[in-house]
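Guided by the hints, dock chain B onto chain A, whose structure is given.
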Amino acid sequence: AQKVTQAQTEISVVEKEDVTLDCVYETRDTTYYLFWYKQPPSGELVFLIRRNSFDEQNEISGRYSWNFQKSTSSFNFTITASQVVDSAVYFCALRVDRGSTLGRLYFGRGTQLTVWP
Amino acid sequence: NAGVTQTPKFQVLKTGQSMTLQCAQDMNHNSMYWYRQDPGMGLRLIYYSASEGTTDKGEVPNGYNVSRLNKREFSLRLESAAPSQTSVYFCASSEAPRTNQPQHFGDGTRLSIL
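Here the protein sequences line up with chains A and B, keeping their order. Heads up: the first sequence is residues 1 to 117, going by the working numbering. Heads up: the second sequence is residues 1 to 114, going by the working numbering.
If you're looking for bench data, these hints aren't it; they were derived computationally from the structure. Keep in mind that this is a model prediction, so the values were computed, not measured. Quick reminder that beta carbons are idealized off the backbone N, C-alpha and C, glycines included. Please note: incorrect hints may appear among the correct ones.
No more than 30 Å apart at the CA atoms, straight line, and that leaves these computed lysine-lysine pairs for DSS-like [said to hold, decoys possible]:
#	chain 1	residue 1	chain 2	residue 2
1	A	K38	B	K57
2	A	K3	B	K57
3	A	K3	A	K70
4	A	K3	B	K14
5	A	K38	B	K9
6	B	K71	B	K9
7	B	K9	B	K57
Sample of chain A residues with no beta-carbon within 10 Å of chain B, all distances over it, derived [claimed, not checked]:
#	residue
8	K16
9	L45
10	E59
11	I79
12	Q83
13	V84
14	P117
The following label-pair restraints were derived from C-beta to C-beta distances [to be verified]:
#	chain 1	residue 1	chain 2	residue 2	range
15	A	I60	B	E79	43 to 51 Å
16	B	F10	A	T72	40 to 48 Å
17	B	E59	A	F54	23 to 31 Å
18	A	T30	B	M41	23 to 31 Å
One chain only, chain A, in its complex shape:
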């Protein structure tokens, strides 16, 4: 079975602080994809990043960085020097393209990040 756990339900930080959102996943498959989505207060879902199971390189995009570690089944997301506009719900998701699970995403429950000015 596939499962994504985001243990942090809510996080509050003050602007310019760094913050890390945790994501732990479970799957027995060796080929899978991991995603992060952002849901701002306006409600839409915005794709942030994808990573496949064969690519363990960390990635940095501006103030955002992602740390993928297969050894701990984690795909954590760090925002450096947070800003008020980063306030949103962030979802981690897993996709395993096999049989009945083909193409479907398994979402974590999300982490509500609030950045205070």
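Chain B in isolation, oriented as in the chain A frame:
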């Protein structure tokens, strides 16, 4: 750049009423999905369509039906709405699986059942 378009954006129904949520994508994607989002639950898959002409149940299909009308359109129908179906519904589409392409989401439909 419309992407995935959902209609309506908001709807209030009475228990027992029926309605259809519409979804259309203009990215020539093969696969389409319906999710529901409830507070503290993340997004859960209701139904999906891997390709035109096929549909399959997801995690929470009870009370819903779907139709993949053509490659562009994938509708979700509530035959007899219940208060437990009050939720935000998202439609998504993606290229064929086994690619690393993400799913693209519509803006959601906020549905309240009284």
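Quick rundown of the hints versus the structure:
| no. | hint | verdict |
| --- | --- | --- |
| 1 | K38(A) - K57(B) | 26 Å, holds |
| 2 | K3(A) - K57(B) | 18 Å, holds |
| 3 | K3(A) - K70(A) | 15 Å, holds |
| 4 | K3(A) - K14(B) | 35 Å, violated |
| 5 | K38(A) - K9(B) | 19 Å, holds |
| 6 | K71(B) - K9(B) | 22 Å, holds |
| 7 | K9(B) - K57(B) | 24 Å, holds |
| 8 | K16 | 29 Å, holds |
| 9 | L45 | 4 Å, violated |
| 10 | E59 | 13 Å, holds |
| 11 | I79 | 20 Å, holds |
| 12 | Q83 | 23 Å, holds |
| 13 | V84 | 22 Å, holds |
| 14 | P117 | 26 Å, holds |
| 15 | I60(A) - E79(B): 43 to 51 Å | 49 Å, holds |
| 16 | F10(B) - T72(A): 40 to 48 Å | 42 Å, holds |
| 17 | E59(B) - F54(A): 23 to 31 Å | 27 Å, holds |
| 18 | T30(A) - M41(B): 23 to 31 Å | 29 Å, holds |
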